[in-house]
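Protein chains in written order, with this note's numbering: chain A, 3 to 258; chain B, -2 to 664.
None of these hints come from the bench; they were simulated from the model. You may find that some hints are simply not true.
Claimed, not checked - With the Cβ distance kept under 8 Å, some of the chain B side facing chain A (calculated, not the full set):
#1 Ala29
#2 Gly40
#3 Asp147
#4 Arg150
#5 Lys153
#6 Asn154
#7 Ile181
#8 Ser269
#9 Asp271
#10 Thr272
The model shown is predicted, which means the values in this text are computed figures rather than measured ones. Think of the CB as a built atom: it goes at the ideal place given N, C-alpha and C, for glycine as much as any other residue.
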Amino acid sequence: MSECLLAVERVSLTFGGVQVIRDVSFDILKGEIRAIIGPNGAGKTSMLNVINGLYQPQRGAIVLKGVRYDRLRPRDAATNGVARTFQNIALFKGMTTLDNIMSGRILKMHANLLWQLVHYGPARAEEIRHRQLVEKIIDFLEIQHIRKVVVGKLPYGLQKRVELGRALAAEPDLLLLDEPMAGMNLEEKEDMSRFILDVNGQFGTTIALIEHDMRVVMDLSSRIVVLDHGEKIADGTPEQVRVNQAVINSYLGVAR
Amino acid sequence: MRPEIFSVPGHSEGPAEDTFPKLLRRNARIFAERTAMREKDLGIWQTWTWTDVSDRVRALAAGFAELGVVRGDRVAIIGDNRPRLYWSICAVQMLGAIPVPVYQDAVAPEMAFVLQHAEATVAVVENQEQVDKVLEIRGAGTNIRHIVYDDARGLKNCREHDVVSLDSVESAGRAMLQRDDSRILWLEGEIDLGRGGDIAVILYTSGTTDRPKGVVLTNSGNIWAAHAAKLFDSLTEKEEVLAYLPMAWIGDHMFSYAQWLVIGYCVNCPESRDTVVENRREIGPTYVFAPPRVYENLLTLTMVRMQDASWLKRTMFDYFLGVARRCGEAILDVRPVAILDRLRYWLGSIFVYGPLKSRYGLSRIRVGYTAGEAIGPEIFSFYRSLGLNLKQLYGQTEAAVYITNQPDGEIFPDTVGRPLPGIEVRIDETGEVLYRSPGIFREYFNNPEATAASKTRDGWVRSGDAGLVDQHGHLKIIDRFKDVGRLADGSLFPPKYIENKLKFFPNIKEAVAFGDGRDYVACFINIDLIAVGSWAERNGVVYGSYQELAADARVYDMIKDHVAQVNRELAAEPRVAACQIRRFLVLPKELDADDGEVTRTSKVRRGFVTERYAPLIEALYDPGRRNQQIRIGVTFEDGRKGLLEGEVQIAEMPADLAKGALREAAE
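So that you can see chain B by itself, here it is in the shape it has in the complex (with noise of 0.2 Å):
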């Protein structure tokens, strides 16, 4: 039996450019001195118009060429979300050159696989911090003949010859593009010799199972898959967008470069990365794309400060809560709603819904996306419930971002919505959700075997997701296809749908669930450092690490309180009654990228973690055990290493409660 396929019918033609470059070209002629940039620098948020940035690309690619990229070469961009480094990535593009976004907080061996696979010739980095990282790396098997910085300070001594500023390269190109007019048109016919087929950049996708894999996205693909969305939100060249996510993640390439180029929008660089919360607020972005664990984190804010407020404010606050809660999706999605209730909620936009939207510089939105992971119905119901049109989509670094979006009026929190008009979405006979679109990648770099594993010979790509598509025709996302395991009873074990129902807690960051082929399901805590931390305070509980809270028997209680919730909720499903947790324990760690323990976008390495905490959790399944000693090895911030040892607590669950739940459900 042939599978069925899902797919919208409608698609028109997208613009008449086929390489970014050439975009850049066109919203110069187009938009002219409409504002294409800015980046608060010094206080004042600074302004660059198309015809600037068109301007300063030119002189860039000038100098890119002068220090010796040519086409096919590879060059590095590593720093944080700064216009030069965007407009790097277009210079570099201008040259028929390969930019490769890398995670800028990424330490030094992960930079160098990256660095050495890529073949990277040159890198443009943002700071001191990464050209010391790249000098640290080079020649260790990698390539690089050029480190190029954005910001001087610290580097005014550096004496090595091959490190050079990005000042003195687009000095040297504006010079270049000076002294004759053949150059001028040099330039241009670069810009012409870019073709839809060709490589429009390599994202290494964080990779939670092994070695980060090179996604190779050609020019046309991603034009194709910016230019849709556009089409899917009805998207203009009057919005804001807040630049703030690794450049090295294909959420920020494809809304903060592809789209911006593709729709010709504003993008916004923030101060700094501590900035970011008053940056939005300042700019008021009206098209936001962010994970779910920027949300989790506005919204764990937001709880724990209004402990902290009076109790007028609170009462206030948690009175139109309850209101929002009850009728503000449903006036967001135009339903019926009591009058009463209309009246209610209006009186909540005005002293608690405004104020918070206005806070956190979401007032102005008109889209806004989670994605990357599955967000917390509830939390994702909270936003919606303020009037934020909130909307999950279903992506991945392989097909440009965009498989399915939830359309506006169509919102179910469990599913992510249908796939985008000429994106067709099928699910196999195992369950794995499959796609095919124009905006697939072309390959992974220099990896044939895993291209071959991945993408079938009739141009559709596997997912690795797990979905099924439900009643009214939105795909659902169960979990990591690899992941979904079975009890050793038979019943159904999705990992991440139970890590999810326990991460809504704000106490609690990151669980890791296990239980494939074992008797029940067991779990691993990481708490919220700040939530706990504020509740500690708040209770009297004094601790002296995060190690020490983490094991204090109050926080504890206080989590098998949430695993009982959890439970209860899991007793509700029939499909996944059995996946109970019948014991879990609080790390004395949190989970970190440095560590290796989650990806640099924070989803969990469920293998290696695994592996790095095997006598815990052979201690959760092992009945007589209360407790275990633990060893493990932790890298601090400034990359130096430690030892972390103690005693982690095992929590038992009542075994009753879950049999009668089981009962309960199945009546």
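Excised from the complex, chain A in its bound form (with noise of 0.2 Å):
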């Protein structure tokens, strides 16, 4: 079994009198495609935002690289290597891809403000080295054609792509993905699922992702957790879950 990336541990999460988690334990293992999933409302988006330290929950804690936070903070998840994408994308829609991948880098250029001003010696050999690198992301993403458009104009699917550069941009050892195809016809999910497929086969990177689409999820993942109302209802690979009778019900539903 290879080790543990990240543990949840029965993490409660509440908003005034709203239980939005309850009691939810899981792990992601390194170098898997793990799945959440589970019927509107039950917490995935939340669950996402604790494990990056978006939220903090009021009970539980999160085992990141074996070390353990009762108080993740988003700056502590980033700089320990996760990296996410957003379900209504959140890009700069006035800059370039190209811009907007670079932010990507943001944490790990370490030139001060004078030498970027001055724009010489190591702040220039530092940028060229991340640019390079952002290269190597637009490339993977085949979106050569729009390195300098703006990332506004561009239609959703390849905005959506253009988000997952980002994340792709911080080198992420765990990368977190709400919805990487709402919204999306069929050509451009497949694409997508290409991509997902190859970050976690080519670098190695551990994922995490919310999808909607079962046939998607059930294709990508090597394991799945099931939320419904908060609460973790299963968990396994996608062959268990496909049984599971807790998931048949909460998703389809059943006679009283």
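Make one complex out of these two single chains by using the hints.
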């Protein structure tokens, strides 16, 4: 069994009186594609927000690379190699594809403001190094033709790809994808699936994703966590989840 | 009576080297550190000198030898224009084996046919997509032993034992050559063993009629043709060329490979298929070769964008385009032009023509060719009036491209020029064009019947085109020989001629005319989604799909205007006045190569289309019908099949106009 990259330990999250996540535990192993599924309002996105420190749970902890955090802050997550994309694209619409992806390198830039202003010496060498990596990502995602296009002008499917590119620019160990295929047509979905598999296969990046398209989830992921009303109702391989009675009930409804 | 032979005297000796690998050896010697090839990769133009290329090709050749490739083997080359695929062609030739470039967007069954027919044993492919395709068809009648890929992306976990990377082939070859000097001598010996008469390449013609045929071209033939073109346009090693057309097309093989080695200029490979326009702009090629479609697309793009431009820009654009139309071509051909017009044209160059050419990377062009199909005279004149030395040539795969070219200063939009020195052309009794030259193909691979049908005993090749030679001694192609028909009343019916007139309108992407043996001409129209889509946006026409847009009544009205315009033009020419279009319909889907309706080079497969849309054609000739139900299968881009259903409207052109115009023309 490969080592555990991240573990969620008995996490509970409430907003005021609303219990969003109730005592949920699961782990994400290094190198796997882990899916989190569940009906609307099950707490999937909240779970992702807990994992990258956007929300702090009232109870429970996150264990990231063997370190236990009771209060994980976004910066801790980011510096420890967690990157993510959002359900509703959060790119800089007025900037180009290139600049957007470059912005994903921000935590890795070390030259101080002064050096960057004169753009000479170490700052320049550093920028060239970052640009090389970003170009590899552009090549990888096949978006060379929109390198210098302002992101706001791009169709939705391409914006999603740029967002993935920005997350990849952080060279993450763990990539969190929040509905990477929402609103895409079949062809775009197939492209995106291929990119996700390639990211996982080529760079060995661990991926945790939320997705509604069951076919995609079953094909891509190695293990699936199923949430319903904030509780974990199943956890296992696609085959196990497919036949799990609790999952069938929550997804299809059950005659009472 | 013996038919007259047209030819132009004069021809000088070609290079001393009689094979392409020998030419590479020569180039590494005489051009050494000059740039031979570039490719944009990771945002930067990567450069290889002739020395680099020679070194890489040798390593690849040794690597292929390690894979077991021997003299006479056929090696398929499948992919977009990547430097290493061009080098692989040369490496394969070095061993005396035969490269067979295959259209990279061919669907699996098409590819299977070629691989099987060519009896290819190794496939050198660009990426995972092609690997998957070849794996899918391997076994089924094909005999592919090894699949070699260029781009490792997505293939890291491929466990098929005989799928290897070009990297590993190249390094195995390099290791072999470094092991001891005898291997280097062995490879030089392999190069020396090559002869001019050896097969250089087999190119499968896309075949508008039936199954593709493998055209066998020799080293000496291709080198002769490349050299003849070099002399004709005084091309030098300083030219810059962009390689972006399918490698399996003779045009690309000649311009990006044969002439690259014969002339020694620099070939540039774009970053991806989607970046061609941008990359062309960065490189600024001096010598271009493109089918009319490329020029049509650029023009459509320009016109569409100008529609959305501000009032000032549009007015300026229209004004200076008018100036160019009036005197641009005369200035290009160095004919006398009024001083005031020269001044206006000069201003136009600053404000419109220059920026426009620069936008599309056409600023540095010395010679540009259009070939593959007839280009609309209006499109042709448009580019020439901007000061681009665009010329037409008439060529075929079987002739290693060159049959006739337009010489500088003798450009007539409706002819394709004179035979190149050394090429003979004649028109036989039936009106078919025949040609003979040292550059012609040897045979169709494994297809003696086809060879016998197209090559005469004394070395003439039947072009399959109907043509005539005009008073200037220029060849004029009328249509595919077998397509030229007669209307029921006996008047001439050249479908292509009519279709080309229609296709000039940016809104019309494709047209198919019918009329052979019929009472009148009717046609199918394919709208251009970019142009008509932009028009729809500006005019508030709402549509959910191509099919819906194609069926819109206002789109029909617009097309009707275009057809009326074409009818007026046809009426003005007595020879084709009877061919005015009486009824037409707009097809609910784009004619597509994946459905077999057009070839991979976008030529309409007339016979197939006629069969497939038989109910629609019937309706066109049934005066009572106003619409027709249709139900046809379609193939999506990912290879899945679907069904398209709907009702197609039939538009009627006023019959009296046709008669009236006819009378007018007769007077």
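TODO: Check each numbered hint from earlier against the structure, then list the numbers of those it violates in ascending order.
DONE: Going through the list in order, the structure violates hints 1, 3 and 7 and respects the others.
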